[in-house]
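Chemist: Now for the letters of each chain:
2 protein chains.
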Amino acid sequence: MYLAKIHVTLKPTVNDPQGLTVKGGLHTLGFNGVHSVRVGKYIEVRLDEKDGKKAKEQVREMCRQLLANPVIEDFRFELEQIKG
Amino acid sequence: MYLAKIHVTLKPTVNDPQGLTVKGGLHTLGFNGVHSVRVGKYIEVRLDEKDGKKAKEQVREMCRQLLANPVIEDFRFELEQIKG
Numbered sequence: 001m002y003l004a005k006i007h008v009t010l011k012p013t014v015n016d017p018q019g020l021t022v023k024g025g026l027h028t029l030g031f032n033g034v035h036s037v038r039v040g041k042y043i044e045v046r047l048d049e050k051d052g053k054k055a056k057e058q059v060r061e062m063c064r065q066l067l068a069n070p071v072i073e074d075f076r077f078e079l080e081q082i083k084g
Numbered sequence: 001m002y003l004a005k006i007h008v009t010l011k012p013t014v015n016d017p018q019g020l021t022v023k024g025g026l027h028t029l030g031f032n033g034v035h036s037v038r039v040g041k042y043i044e045v046r047l048d049e050k051d052g053k054k055a056k057e058q059v060r061e062m063c064r065q066l067l068a069n070p071v072i073e074d075f076r077f078e079l080e081q082i083k084g
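Here the protein sequences line up with chains A and B, keeping their order.
Per the numbering used here: the first sequence = residues 1 to 84.
Per the numbering used here: the second sequence = residues 1 to 84.
It is worth saying that the hints were derived from the structure and are not from the lab.
Do not rely on the hints blindly, as some may be mistaken.
Since the list gives no way to pick one copy over another, a pair counts as held whenever it fits inside one copy or between any two copies.
[What the hints assert, rightly or not] Straight-line distance between alpha carbons at most 16 Å, and here's what the computed EDC-like set of lysine to aspartate or glutamate pairs gives:
no. : residue 1 : residue 2
1   : K23       : E78
2   : K53       : E73
3   : K41       : E57
4   : K11       : E44
5   : K41       : D51
6   : K23       : D74
7   : K56       : E78
8   : K50       : D74
9   : K11       : E61
10  : K23       : E80
Keep in mind that this is a model prediction, so the values were computed, not measured.
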């Protein structure tokens with residue numbers, strides 16, 4: 001069994017209205033030092049697979065096909081072997 | 001300037017309908033080895049602050065007050081000093 005820790009983030013050039021809203025909220029709360037906020041996703045996938053190489057390839061395909069939108073998002077992940 | 005890399009995740013006992021939906025989607029795409037999926041948030045905050053200790057305290061307060069819902073979510077973060 002593998003645990004994939006996946007980060008999906010907006011590409012740096014893409015506007016992040018959610019991040020702007022959070023930044024505004026933090027300013028309203030008095031956190032005036034906040035310079036910028038970017039909001040992304042953090043996804044944990046537990047995968048029944050014994051072969052680390054196959055697990056890596058599968059997670060990459062999951063990101064490409066469903067978890068990330070390749071037009072506006074980047075993804076990266078780490079794999080960790082866990083007890084099933 | 002500090003960059004805070006914040007992870008906000010649902011507490012382990014809390015239901016994650018979004019994660020269940022993603023899991024269903026992955027199964028439909030043929031990734032039958034997927035055992036479970038949990039979806040959280042990954043937030044990057046750039047903070048104008050020179051003192052690392054103060055930066056840490058501020059980010060913790062941001063999480064408590066706005067970024068995480070302490071009833072159902074956990075948060076953790078790392079701080080990294082960056083060039084302003």
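Chemist: All hints are to be evaluated individually against the structure, with a verdict given for each.
Modeler: Tested hints:
1. In this assembly of identical chains, the alpha carbons of K23 and E78 never lie at most 16 Å apart, being 28 Å within a copy and 18 Å across copies at closest.
2. For the homomeric pair K53 and E73, neither the shortest alpha-carbon distance inside one copy (24 Å) nor that between copies (32 Å) is at most 16 Å.
3. Proximity of K41 to E57 under the C-alpha cut-off of 16 Å is found in neither arrangement, the shortest distances being 20 Å within a copy and 24 Å between copies.
4. Taking CA atoms no more than 16 Å apart as the test, K11 paired with E44 passes between copies only; the shortest distance there is 13 Å, against 21 Å inside one copy.
5. Taking the closest pair of Cα atoms, K41 and D51 never come within 16 Å of each other, the shortest separation being 26 Å inside a single copy and 28 Å across copies.
6. For the identical chains of this complex, K23 and D74 are neighbours neither inside a copy (22 Å) nor across copies (20 Å), given an alpha-carbon limit of 16 Å.
7. When the C-alpha separation of K56 and E78 is checked against a cutoff of 16 Å, the pair qualifies only within one copy, where the shortest distance is 9 Å, while the shortest distance between copies is 25 Å.
8. Taking the shortest alpha-carbon separations for K50 and D74, neither the intra-copy value of 27 Å nor the inter-copy value of 30 Å comes in at or below 16 Å.
9. Taking the shortest Cα distances, K11 and E61 never come within 16 Å of each other, neither inside one copy (19 Å) nor across copies (27 Å).
10. For the homomeric pair K23 and E80, neither the shortest alpha-carbon distance inside one copy (33 Å) nor that between copies (19 Å) is at most 16 Å.
Violation of the numbered hints given earlier is confined to hints 1, 2, 3, 5, 6, 8, 9 and 10; the remaining hints are satisfied by the structure.
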